[in-house]
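Please construct the entire structure, taking both the sequences and the accompanying hints into account.
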Amino acid sequence: MHEYAVTKNMLAVALEEAEKAGAKKIIEIRLVIGDLSTIIDESVQMYFDFLTEETIADGAKLVFKRVPAVFQCKACSIEFNKPAKGFDCPQCGAMGAPTGVGREFYIESIEVE
Amino acid sequence: MEIKVLKNIMHANQQLAEENRKFFKERNIVAVNVMASPGAGKTSTILKVIEALRDKVNICVVEGDIASSIDAEKIDKLGISVVQINTGGGCHLDANMIRTVADDLKLEENSILFIENVGNLVCPSSFDLGEGIKLVIASVPEGHDKPFKYTSMFQEADVIILNKMDLMPYIDFDRDSFYKGIRALNETVPVFEISCKTGEGLPAFVEWLGNKVK
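Chains A and B are the protein sequences, given in the same order. Per my numbering, the first sequence starts with residue 592, numbered consecutively. Per my numbering, the second sequence starts with residue 2, numbered consecutively.
What the hints contain is simulated information worked out from the structure, not anything from laboratory work. Don't take every hint at face value.
Derived DSSO-like pairs: lysine-lysine, alpha-carbon spacing no greater than 30 Å straight-line [what the hints assert, rightly or not]:
#1 K213(B) <-> K181(B)
#2 K611(A) <-> K5(B)
#3 K665(A) <-> K150(B)
Cβ-Cβ distance ranges computed for the label pairs, FRET-style [what the hints assert, rightly or not]:
#4 N97(B) <-> E633(A): 25 to 35 Å
#5 H12(B) <-> E645(A): 15 to 25 Å
#6 E27(B) <-> K615(A): 41 to 51 Å
#7 V654(A) <-> H12(B): 11 to 21 Å
#8 K615(A) <-> H12(B): 19 to 29 Å
#9 E633(A) <-> I71(B): 52 to 62 Å
#10 F641(A) <-> A68(B): 16 to 26 Å
Some residues of chain B that are not near chain A, with every Cβ distance over 12 Å (derived) [to be verified]:
#11 K26
#12 S69
#13 G80
#14 V160
#15 N212
All values derive from a computational prediction rather than experimental measurement. Quick reminder that beta carbons are idealized off the backbone N, C-alpha and C, glycines included.
In structure tokens form, the structure reads like this:
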């Protein structure tokens, strides 16, 4: 929902890193986005195409690595991917809690020339 | 050539938020980021707390909205210092917006600053404002499933209010399920059941918040 602001921030980080490395062009940006981060890839892509005009990232490819949300059962301690509905453990049916995996939201690397 | 970055995308906002947090802390200002769906009772709750605490604590308000100054006018009528931020379509407030209005408020030391975020259970949870307390308000007519759908919001809350308790007899609201969802995400968060309409439950929340300004 807030992809415009997020994409602007992401581009700023990428441009800063590219500039530090003295790069002339950004070819690819690899993002790691957790499923709990409420970010939609297509929407980031749309704003990215628009925001990169006349920057060295114009035409760069965005690669999205999605990380599923991992919960841990409070009763039997197994880790499981959050089911589509609810937080229940698939093994014992007790309630799971978030582990932090699934909230990632960073640039892993950029490819420049 | 590959450059390893490993930098959070929200890095810039996070830095500004930390500056805001330091600013508030140095002045013993309890900044409360009020987050909820549209219509859950953010402004009503703020108005009720102002009524109950204004003689004891200095209170200021930042009103965030997509457009209009309807809420800010309600606060202003009470003679409380208020600044309106219109995001012009933006779905959340960010740390920079708070920094730019901080000087316009009559912020005294030892006070409460309510920051009423844009009505939305998704985006505001991604933008740290530098607040000391994240207050999430749910309300009975919204239904009991909200913690299961908006996990980040309920996971990060420092305090949760369940508003419109007076409507409980008329709504199929499963309290057990609501609390089950909250406790899965946030084991120790205090939850206050209130009604801004009848005043039920408000004194307990007011006392809890009042104790934070010391």
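These are the hints, each one checked on the structure:
1. About 27 Å separates the Cα atoms of K213(B) and K181(B), which keeps this hinted pair within 30 Å; it holds.
2. Annotation: proposed proximity of K611(A) to K5(B) holds, straight-line Cα distance about 12 Å (limit 30 Å).
3. For the given pair, K665(A) sits about 20 Å from K150(B) by alpha-carbon distance, which is consistent with the 30 Å threshold.
4. Restraint check, N97(B) to E633(A): a C-beta distance of roughly 27 Å satisfies the suggested window 25 to 35 Å.
5. One distance hint, 15 to 25 Å for the beta-carbon pair H12(B) and E645(A), holds here, with the actual separation near 23 Å.
6. Between E27(B) and K615(A), the C-beta spacing of about 44 Å keeps the proposed range 41 to 51 Å intact.
7. The hinted range of 11 to 21 Å is satisfied by V654(A) and H12(B), whose Cβ atoms lie roughly 19 Å apart.
8. Evaluation of the 19 to 29 Å hint for K615(A) and H12(B) yields a pass: the beta carbon distance comes to about 24 Å.
9. For E633(A) paired with I71(B), a C-beta distance near 34 Å fails the hint of 52 to 62 Å.
10. For the pair F641(A) and A68(B), the supplied restraint of 16 to 26 Å holds, since their beta-carbon distance comes to about 23 Å.
11. A cut-off of 12 Å between C-beta atoms confirms that K26(B) is not in contact with chain A; the least separation is 25 Å.
12. Residue-level check passed: S69(B) sits 20 Å from the nearest beta carbon of chain A, beyond 12 Å.
13. The Cβ of G80(B) sits about 34 Å from the closest Cβ of chain A, beyond the 12 Å cut-off, so the non-interface label holds.
14. The claim that V160(B) is not at the interface with chain A holds, since no C-beta of that chain comes within 12 Å of its own (minimum 19 Å).
15. With a closest Cβ-Cβ approach of about 28 Å to chain A, N212(B) is found to remain outside the 12 Å limit, as its non-interface label requires.
Of the numbered hints given earlier, the model fails hint 9 alone.
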